[in-house]
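Number of protein chains: 4
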Amino acid sequence: MNNAKRLVSEGLGSALLLAVVVGSGIMAERLAAGNAAIALLANSIVTGAGLIALILMFGAISGAHFNPVVTLSAAWQKTMSWTDVLPYIVVQIAGAFAGVAIAHGMFDEPLFFASAHVRTGWAQWWSESVASFGLIAVIISTSRTRPGVTPFAVAAYITAAYWFTSSTSFANPAVTLARAASDTFAGIRPADVPGFIIAQLCGAALATGLFSWLYRAPAVKNTEPVAD
Amino acid sequence: MNNAKRLVSEGLGSALLLAVVVGSGIMAERLAAGNAAIALLANSIVTGAGLIALILMFGAISGAHFNPVVTLSAAWQKTMSWTDVLPYIVVQIAGAFAGVAIAHGMFDEPLFFASAHVRTGWAQWWSESVASFGLIAVIISTSRTRPGVTPFAVAAYITAAYWFTSSTSFANPAVTLARAASDTFAGIRPADVPGFIIAQLCGAALATGLFSWLYRAPAVKNTEPVAD
Amino acid sequence: MNNAKRLVSEGLGSALLLAVVVGSGIMAERLAAGNAAIALLANSIVTGAGLIALILMFGAISGAHFNPVVTLSAAWQKTMSWTDVLPYIVVQIAGAFAGVAIAHGMFDEPLFFASAHVRTGWAQWWSESVASFGLIAVIISTSRTRPGVTPFAVAAYITAAYWFTSSTSFANPAVTLARAASDTFAGIRPADVPGFIIAQLCGAALATGLFSWLYRAPAVKNTEPVAD
Amino acid sequence: MNNAKRLVSEGLGSALLLAVVVGSGIMAERLAAGNAAIALLANSIVTGAGLIALILMFGAISGAHFNPVVTLSAAWQKTMSWTDVLPYIVVQIAGAFAGVAIAHGMFDEPLFFASAHVRTGWAQWWSESVASFGLIAVIISTSRTRPGVTPFAVAAYITAAYWFTSSTSFANPAVTLARAASDTFAGIRPADVPGFIIAQLCGAALATGLFSWLYRAPAVKNTEPVAD
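Residue numbers (the UniProt record's numbering), protein chains in the order written: chain X, 1 to 228; chain B, 1 to 228; chain G, 1 to 228; chain V, 1 to 228.
Treat the hints as calculated values from the structure; they're not laboratory data. Do not rely on the hints blindly, as some may be mistaken.
Stated by the list, open to error - Lysine to any residue pairs mimicking SDA-like chemistry, simulated, CA-CA at most 25 Å apart:
#1 V:Lys-5 <-> X:Gly-148
#2 G:Lys-78 <-> G:Ser-212
#3 G:Lys-5 <-> G:Ser-81
#4 V:Lys-5 <-> X:Arg-216
#5 B:Lys-5 <-> B:Pro-147
#6 X:Lys-5 <-> B:Leu-206
#7 X:Lys-5 <-> B:Trp-76
#8 X:Lys-78 <-> X:Val-90
#9 B:Lys-5 <-> G:Arg-146
#10 B:Lys-5 <-> G:Ala-205
Stated by the list, open to error - Not everything, but these chain V residues come out facing chain X in the computed CB check (under 7 Å):
#11 Lys-5
#12 Val-46
#13 Met-57
Beta carbons: idealized from backbone N, C-alpha and C, even for Gly.
Just chain X, same shape as in the assembly (with noise of 0.2 Å):
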C-alpha cells in the first residue's frame, strides 16, 4: 500500500469520525430536549454503529488508526514503522478537526468555537487513563487473535465505554483536541484538554505492556498491521 493512500484514509476517517461523534451529539441534544440519558444513549450506539463502518472502510489500507495513542501502540509494537508515526498523526489530527468542521456545517454552526464543556478531576482522569487501557486491551488480543472482528469489538468497546466512564471515554488525543473546537454536547474546554491526553497514554502505555505479554508474539506470522 503506498504513503499518499495510507494517509489519505487516515485523515479522511479521522474527519468522519469526528463528523459522526460531533454531529450526532449536537442532533441528540437539539431533540433530546434536556433528557441527557437518551442523548447519551443515541450518541454511543451511533458512535459504535460509525465505527464499524469505519474501521471496515479504511482499515484494509491503513490499519483504521485515527488516533494516535493508537498508531505509537502499533510503533512500539513494531507492527507499524517509526518513520510512519509522525504523519500518521499529523492527518489524524487535521482530519479531526476537518470533521468537526463537516459536522457544524451540517448543523448550521460556526465552523470552529470553543467548548466551554468542563471536564476536569481525578475521576475524568481516572475514566480516561480506563478507557484508553480498555481500547488499546481490545485491538492487541483482537488483531493477535481473530483479526476479522477487530472492527466489532472496538466498535462494542467504545458504545460501552461512552457510559461506564465519568468522561464518556475520549480515548483518543486526536478526538480530544478537536472537541475542544466544538461548543456543543461533545466539546470539552480547550484547558481541560491536557489532563485528558495524559491520562491516555498512561492506560494506552500500560494496556500495550501487559497485553504484549499476554498475547507474545509466537512467531514472525503475527506482526502484521492492526487491521484485518
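Given the structure of chain X, go ahead and fit chains B, G and V onto it with the hints provided.
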C-alpha cells in the same frame, strides 16, 4: 442470474425498505408522543436492522442496491452493465412507491398523500452530500475487501447517518421521491426533492472517484457485483 | 439427529422465546410508566437479542423454527419431512404456553390469564401478512445462500418488524396462541387470534412460493435444513 | 497457555466486566433522572456491548469465563481440569471486587459501600435459575457447534436477560458478591446474595446436564475449551 429475478429483487427490496422506513416512522411518531429523540432512535435502529435483513435477502440476486446512486456508481465502476441501469432505476422507484403504500395500508393511512415536511437549505444539502459520499464509500471499500460484511457495514452506516446529518440521511433518490408521497415522520415536501437528489448525486460521484482510486482493483477478480 | 432431541429442542426453544417476549414486555411496561415508545424499543431490541441466542442455541439440532408457519414452509420446500410437521407444531404450541407460564412466574403474575388486548381489523391483518411474508423470505433466502448469517438476519428482521407493522409483528401462530394467555404488554385477546393466524398463513404461503422461485435450488446440495 | 496468563486474564476480565456493569449503572441512574426504563435499556445494551469486547479480549487465553458457574460447568463437562477450578474462582471474585472499586473511582464514589437494594423472593430466585440455565445453555450449545459466535451469542443473551427476568439476571456468583459492595443502580443487599447464588447453581446444573445430553460430544474433537 436471469434478468426477471434481478428486477423483481430490486423492486421488492425497495418496496420492503420503504415499508420499514415509513412504517417505523409512523409507529415511532404515534408512540413517542412528541419525544423526537426516542422516535429517531427507534427509526434509526429499525432502519439499520431492516437493512441487514433486506441486503442479505436480495444481495445474492441483484446486489441489493435499492438505490439509483448505488446503481449508477456500480455501472461507473463497471461492476454492472450500463444497459441494466435504467431498468434497475425504474423498478427501484416503482418499488419505493409501492412500499410507501404498503406501509400506509398497515397503519390505516391514505395510500399516498403529499408530505408537508420542509427539508431544504444548504445545511441539509451539505448533509445529503456527506451522507451519500459515506454510503458509496462504505459500499465500494467493503465490497472490494470483505464483501461478506457489506450488509452489516451499510446498515451500521445508515443507523449512524440518521443522527450525524441534519437531513437524517436520505442518501437515495428513489427513497427521496417516494417519501414525498407520505405526510408522516419520514416525509419530505415534494418541492424539496430536487435539492436532495442533486446533493446525493454529487456526494456519490465524489466517493466513486475517490474510492475507486483508493481501492483500485488490482485485477479482474475484483470486478464482481457489489453483493457477496 | 434423533427425534427426541429435535422435539425437546423445538419445545424448549419455543418456551424460552415466549419467556423473552412476554417477560421483557412485562418489565418494559412496569418500568416505562406509560411511555409506550421506550417500552416497544426495549421489547424489540430484547426480542432480537434473544432470537440470536435461541436460534444459535437450537439451530443445529432442530432448525430452530419455534414457529408453525416456518415448519410448514420447510415441509413445502421439502427441507423436512411432512411426517415431522405435526409433532413439531404440537411441541411448539406446548412450549409456547410453558414459556408464558415461566415468564409469569418470574414476575409474580398468575400462570395464565386471558388477555384483553384488542388487536383486530384490516390494517393489523395486512400487517401480519406482510410480517410473515418477510420472515419466511429472510429465512429462505439466507438459508439457501449464507446459512451462517440466518440467526442474525432473522433477529434483525424481527426487531424491525415490531416497529414497521401496526400489529407489532407476531408472525407466528404458536406465539399468537400463547400470548392470548397473558394479559400483559404482549397479550392478544383470544377472539382476535384466528384473524392473526389466517393472515400469517397467507403471508407465509406467498413468500414460500415466490422465494422458492427466486432462489430455486439448483441442485440437491441446497435442500438442507433451514439452520446452518 | 501458561497458568499465570490464564489467571491474569480471568481476574482482569472479571474486573473490567464489573467496571462495565457498575459504571454504566451509575451513569444511567445519574442521567436518567428517575426514568428506570431508559436506565435499564442503557445498562443492558452497554453490558452486552462490553461482553462482546471482553470475551473477544480474553477468550483465547482463559476461555473468558469471568463466572464461577461457567467454570464449574466447564469442569463438569471435562473441558477444563478440576484442579484449575479453585484458582479460577478465586481470581474471578477478587477481580470482580477490584472492578467495583475501579468503577467507583471513575464516578467519585467510595471504593466499597454495602448495597441496600433489596432483591429477594421466589420470583427473583426463579428468575436467577432461568437466567443461569439460559446462560450455560447458550455457552454449551454454541461452543460445541459454532465457537466463533459464542461471544456474540452470550452478549445478546445477557442483554435480553436483563429484561426478561425480574432479577435483571445476575447469573454469576462472583458478580453477585461484588455487586453487594456497591450501593448503586447495580447493587444487591448482602443478605440477599446467598439466595441468588443458590438459584444460579441450580439453573446452571440443570443446563449442564440437559445440554450435555442434547449436544453429546460425538468424539474427542469436541472437548475443547469454551472459547473459540
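Going through the hints against the structure:
no.: 1; hint: V:Lys-5 <-> X:Gly-148; result: 24 Å, holds
no.: 2; hint: G:Lys-78 <-> G:Ser-212; result: 11 Å, holds
no.: 3; hint: G:Lys-5 <-> G:Ser-81; result: 16 Å, holds
no.: 4; hint: V:Lys-5 <-> X:Arg-216; result: 11 Å, holds
no.: 5; hint: B:Lys-5 <-> B:Pro-147; result: 21 Å, holds
no.: 6; hint: X:Lys-5 <-> B:Leu-206; result: 16 Å, holds
no.: 7; hint: X:Lys-5 <-> B:Trp-76; result: 21 Å, holds
no.: 8; hint: X:Lys-78 <-> X:Val-90; result: 20 Å, holds
no.: 9; hint: B:Lys-5 <-> G:Arg-146; result: 18 Å, holds
no.: 10; hint: B:Lys-5 <-> G:Ala-205; result: 19 Å, holds
no.: 11; hint: Lys-5; result: 6 Å, holds
no.: 12; hint: Val-46; result: 4 Å, holds
no.: 13; hint: Met-57; result: 4 Å, holds
Of the hints listed earlier, there is not a single one the structure fails to meet.
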